[in-house]
Amino acid sequence: MGLRKDRHVLPLFAPFKIGQIALKNRVVMASMTRGRTTNPGHVPNELQVEYYRQRASAGLVLTEGTWVSRDAIGFINVPGLFTPAQVDGWRKVTETVHQEGGVIFAQLAHSGAVSHPDFFGGLPPLAPSTVNPGLRAFTPKGFKDTVTPRAMTLDDIKRTVADYAAAGRNARDAGFDGVELHCATTYLLPQFLNSEQNTRQDAYGGNAEKRCRIVVEILEALISAWGPRRVGVKISPALSQGGFRPTEPTVETYDHLVSALNRLALSHLHVVRAAGDLTSSPIATLQDTVGYYRKRFEGPIIANFGFDRAAAMAAIDGGAADLVSFAKPFISNPDLVRRFEHNLPLAPPVADTFYQGGAKGYVDYPPAD
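To convert a position in the sequence shown, counted from 1, into our numbering, add 636.
The set of hints was computed from the structure by calculation and includes no laboratory data.
Since the model is a prediction, treat every value here as computed from it, not as a measurement.
Careful, some of the hints might be misleading.
As the list claims (entries may be wrong) - Only pairs whose alpha carbons sit at most 27 Å apart, straight line, appear in this in silico DSS-like list of lysine-lysine:
hint : residue 1 : residue 2
1    : K777      : K996
2    : K931      : K653
3    : K931      : K846
4    : K780      : K996
5    : K728      : K653
6    : K653      : K964
7    : K728      : K964
8    : K846      : K794
9    : K777      : K964
10   : K660      : K728
11   : K931      : K660
12   : K964      : K996
13   : K728      : K996
14   : K964      : K780
Stated by the list, open to error - Each pair of labels, with its calculated beta carbon distance range:
hint : residue 1 : residue 2 : range
15   : G955      : S895      : 19 to 29 Å
16   : D724      : D792      : 26 to 36 Å
17   : D953      : Q992      : 32 to 42 Å
For every residue, glycine included, the Cβ atom is placed at its ideal position computed from N, Cα and C.
Build the full structure now, drawing on both the sequences and the hints.
Structural data, given as structure tokens:
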């Protein structure tokens, strides 16, 4: 009796609606690059069909960050959504997830400056400005330091917005339930939002509104393709990694962005919370990152980063978030929702197989007894 009562009252396992999309629980599988698309066409394969099928018990499944164009590539063995073959490959994934009763969004990504010339025949990658982010790219020849990128022309930006729109239409044709815009970590769009990585003085840089412009334009294009409440966005304003770090205008820029998001018919805002103490940083007000944006965003909030079962339940019970996403726990626990519901122990993941390894460390983790 106690277990049935516990399951009944715990909001983490209660249904939730994003627009007209019914989710069976509030556990979200976060996007994770896993590097299993080992073919030159970046086409999802049968391993990925099985991988996502195993994890379809999540209320919402978010795919690995998926390239919107060839210019977007920045990591080996990651799938795309810019060719008919890729659409066909993803359709097998979505059909299987739907057969398991799941809901799945495609996360659309562009790596920008954190890519490498090895992906582009020796040409530097595209980025907002000629600023090396001081990170490392996983290339076909191994990890390599990033280089000074090419600053995007206005035509490059226009084409990139169109690439996102085309990838959004491809996701719809592949049978996804919606899309999430990857505006997190150190990728292209956070580069535009960062005053050190974006030194432009035109329509796409120089102040908060202009730094946000490309993100808003892409979201408008995606909503045009999908309709209302089928497009979400993920942000990580507190992230600091390598040469990529928050700056004095970060809070103002993201405040402007979230204000603009409230004018769009989005499905959700996915927020990566701060990883450490921000007291001495220029973004100290973002220490409670999720809570900060909960007060400012008018739609559903997904909280991300470092949550366990107890912390997720506390976030939802306390109203800080509507859903919570999990990454590493889903790697080695395909039945994570069941384990959480029954408070079963979690299996540890094997780090050596996070980004490579074929079936090993990918689809061979067994469910709990």
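Status of the given 19 to 29 Å range, CB of S895 versus CB of G955: Holds, since G955 and S895 (Cβ atoms, about 21 Å apart) stay within the stated range.
Against the 27 Å threshold, does the CA-CA distance of K964 and K780 hold or violate the hint? With Cα atoms ~24 Å apart, K964 and K780 stay inside 27 Å; holds.
What's the verdict on K931 and K846, does the C-alpha distance respect the 27 Å limit or exceed it? Satisfied, since the Cα-Cα distance of roughly 24 Å is no more than 27 Å.
Please work out if K660 and K728 have their alpha carbons no farther apart than 27 Å. holds, 22 Å
Given hint K660 paired with K931 - CA-CA distance at most 27 Å: holds, 26 Å
So if I understand the rule, the pair passes when the alpha-carbon distance is 27 Å or less; does K931 with K653 pass? At roughly 20 Å apart (the allowed maximum being 27 Å), K653 and K931 satisfy the hint.
Given pair status - K996, K780, alpha carbons within 27 Å: At roughly 25 Å apart (the allowed maximum being 27 Å), K996 and K780 satisfy the hint.
Given the proposed pairing of K728 with K996, does the C-alpha separation stay at or below 27 Å? Holds. K728 to K996 sits at ~21 Å (cutoff 27 Å).
Holds or violated: K653 with K964, Cα cutoff 27 Å? Given pair K653, K964 holds - Cα atoms ~25 Å apart, limit 27 Å.
Between K728 and K964, does the CA-CA distance stay at or below 27 Å? holds, 24 Å
Could you check the hint for me, namely that D953 and Q992 are 32 to 42 Å apart, CB to CB? holds, 39 Å
Would the pair K846 and K794 pass a check requiring their Cα atoms to be no farther apart than 27 Å? OK: K846 and K794 at ~15 Å, within 27 Å.
When held up to the earlier numbered hints, the structure conflicts with none and fits them all.
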